[in-house]
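Whenever a hint applies, use it, and build me the whole structure from the sequences.
Note that our numbering gives residue 138 to position 155 of the sequence shown, counting from 1, and the numbers run on in steps of one.
Think of the hints as simulated: they come from the structure by calculation, not from any bench.
This structure is a prediction, so every number in the text was calculated from the model and none was measured.
Don't take every hint at face value.
[As the list claims (entries may be wrong)] Label pairs and their computed distance ranges (CB to CB): (1) Leu110 to Asn76: 45 to 51 Å; (2) Ser(-11) to Gln171: 50 to 56 Å; (3) Glu188 to Lys139: 24 to 30 Å; (4) Phe174 to Gly133: 40 to 46 Å; (5) Val(-3) to Lys139: 36 to 42 Å; (6) Leu35 to Leu11: 46 to 52 Å.
[Said to hold, decoys possible] Under the rule of at most 30 Å between Cα atoms (straight-line distance), these lysine-lysine pairs were calculated in the DSS-like manner: (7) Lys126 to Lys139; (8) Lys126 to Lys137; (9) Lys185 to Lys126; (10) Lys139 to Lys185; (11) Lys185 to Lys137.
From the three backbone atoms N, C-alpha and C, an ideal C-beta is built for every residue, glycine too.
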Amino acid sequence: MPLFISIITSFPTVIFTVLLSVAVLYWLVSLSGLVDSDVVEGDVGEGGSLALGGLLATLGLHGVPLPLVITLLALTGWLFSYFAMLLLGTHLNPGLLLWVFNGVVLILGFVVATIITSLLIRPMRPLFRPAQHLPIEQRLTGKQCTVRSGEVTKEKGRADAHIDGDHLILQVRSDSVLVRGERAIIIQYLFTEDAYWVVSEKDFEAGLAD
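In structure tokens form, the structure reads like this:
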């Protein structure tokens, strides 16, 4: 127990401990009815939060309530940081090497937490969709995007898109190979891949899009 307390109250795990504590406190307060249910059920990226919504969409953290995203980020980051310190950090002597290790754990903690959270919330999105006024996937359909990666194929590719002044970096797929800088039109959202099907703007204007 002393080792457990020491790890969760020491850098870098303490950062995730604080975030997780705030998240747990939020849910306890919300269950008591003291928090407006619209805050819990609302989607991110609406109104004054467009910039935040764009960032979350780029990271694959959109489509579910923001408190849930923060909770999962805090929990997964906390678990990664705790076990990294338990299995490796406790074997390092105090000094510069330990501080460097702590910094790496903190950065990796956020990266790993983001990846895992994006995977966890993917199957949850349909559950919250009725509560969302206009899903970002629907808002992006028919919008123009510009190929960002070297190329776009059926298996891989990224593109830049803008919606309501928000800059998004999207995973995209296409039947025909598109190259960097080429403009395309977003046709539909591919739920299983968390990506968007696109066609070149020339083909779309020529009426070749399915």
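Do the hints match the structure? See the list:
In this structure the supplied range 45 to 51 Å holds for leucine 110 paired with asparagine 76, their Cβ-Cβ distance being about 48 Å. At roughly 51 Å, the beta carbons of serine -11 and glutamine 171 sit within the given window of 50 to 56 Å. A beta carbon spacing of about 25 Å between glutamate 188 and lysine 139 agrees with the range 24 to 30 Å that was offered as a hint. Remark: the range hint 40 to 46 Å for phenylalanine 174 to glycine 133 is contradicted by a beta-carbon distance near 26 Å.
The hinted window of 36 to 42 Å between valine -3 and lysine 139 holds, with their beta carbons roughly 38 Å apart. One distance hint, 46 to 52 Å for the beta-carbon pair leucine 35 and leucine 11, is violated here, with the actual separation near 24 Å. Simply put, lysine 126 and lysine 139 have alpha-carbon atoms about 19 Å apart, close enough for the 30 Å limit, and the pair holds. For the given pair, lysine 126 sits about 19 Å from lysine 137 by alpha-carbon distance, which is consistent with the 30 Å threshold.
The hinted pair formed by lysine 185 and lysine 126 meets the criterion: a straight-line CA distance of about 14 Å does not exceed 30 Å. For the given pair, lysine 139 sits about 21 Å from lysine 185 by alpha-carbon distance, which is consistent with the 30 Å threshold. As the CA atoms of lysine 185 and lysine 137 are separated by approximately 18 Å, the hinted pair is consistent with the 30 Å bound.
Going down the numbered hints, you'll see the structure goes against 4, 6, while the others check out.
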